[in-house]
Amino acid sequence: DTGVSQDPRHKITKRGQNVTFRCDPISEHNRLYWYRQTLGQGPEFLTYFQNEAQLEKSRLLSDRFSAERPKGSFSTLEIQRTEQGDSAMYLCASSGQYMDTHTQYFGPGTRLTVL
Amino acid sequence: AQTVTQSQPEMSVQEAETVTLSCTYDTSENNYYLFWYKQPPSRQMILVIRQEAYKQQNATENRFSVNFQKAAKSFSLKISDSQLGDTAMYFCALIGTASKLTFGTGTRLQVTL
Chain A
1 DTGVSQDPRH KITKRGQNVT FRCDPISEHN RLYWYRQTLG QGPEFLTYFQ
51 NEAQLEKSRL LSDRFSAERP KGSFSTLEIQ RTEQGDSAMY LCASSGQYMD
101 THTQYFGPGT RLTVL
Chain B
1 AQTVTQSQPE MSVQEAETVT LSCTYDTSEN NYYLFWYKQP PSRQMILVIR
51 QEAYKQQNAT ENRFSVNFQK AAKSFSLKIS DSQLGDTAMY FCALIGTASK
101 LTFGTGTRLQ VTL
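Line by line, the protein sequences are chains A and B. Under the numbering used here, think of the first position of the first sequence as 1, with each following residue one higher. Under the numbering used here, think of the first position of the second sequence as 1, with each following residue one higher.
Excised from the complex, chain A in its bound form (with noise of 0.2 Å):
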């Protein structure tokens, strides 16, 4: 069990640019969470994924944003035209399917900068 992993851990772009983040889940897991984080605030959620399918996403997931979990697995979190308020951590988190089911644990997360 590796835990959940996050790539790139750091990524600066300038504004207007399109990036993409990766998760990799805990391997027997298979629900998936997104969340943002600010600086000095907690946590919070974007969208949820459980299998491949999407199943809640949060108003703050605005049109620019879009997540994907093709397979079930891995997922990618892509924002498009980034704005300099897309500035934050953006943390994945997973859970499992049978035991424990509400304990989600968290990856390193992606520290975007938007320039």
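If you are wondering where the hints come from, they were derived from the structure by calculation, not from laboratory data. One or more of the hints may lead you astray.
Claimed, not checked - Partner residues are not named here, just some residues of chain A that face chain B (Cβ under 7 Å, in silico):
1. 42
2. 43
3. 48
4. 96
5. 98
6. 102
7. 103
8. 106
Said to hold, decoys possible - Computed list of chain A residues with no C-beta within reach of chain B, every gap over 10 Å:
9. 65
10. 68
11. 85
12. 97
Every residue gets a Cβ at the ideal spot worked out from N, C-alpha and C, and that includes glycine.
Dock chain B against the given chain A, drawing on the hints supplied.
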């Protein structure tokens, strides 16, 4: 809507001492779970302890224990024998039937020599 409130933005404790971090919450659900997560500086979020709302017994994990007061909707974290490695941001979080965690704003804990 669910809310989680942490009223202590910062706390400090001396090594080997005991400290208690406060958390209150609000939810209309009967079946929910409460968590404390730890986020060290520039490091990832780590689960510290969890509590099922239907359990009356307070959860404990080594030096960490909770005081869960369901009627008062209070969920405090006690850290005994504080260590320098406990220095971190601590987040209280709640999950109900929906799958998303609702977090508080965090308490920054500094453990000093």
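Hint check:
no., hint, verdict
1, 42, "holds (3 Å)"
2, 43, "holds (5 Å)"
3, 48, "holds (5 Å)"
4, 96, "violated (13 Å)"
5, 98, "violated (15 Å)"
6, 102, "holds (5 Å)"
7, 103, "holds (6 Å)"
8, 106, "holds (4 Å)"
9, 65, "holds (16 Å)"
10, 68, "holds (18 Å)"
11, 85, "holds (19 Å)"
12, 97, "holds (12 Å)"
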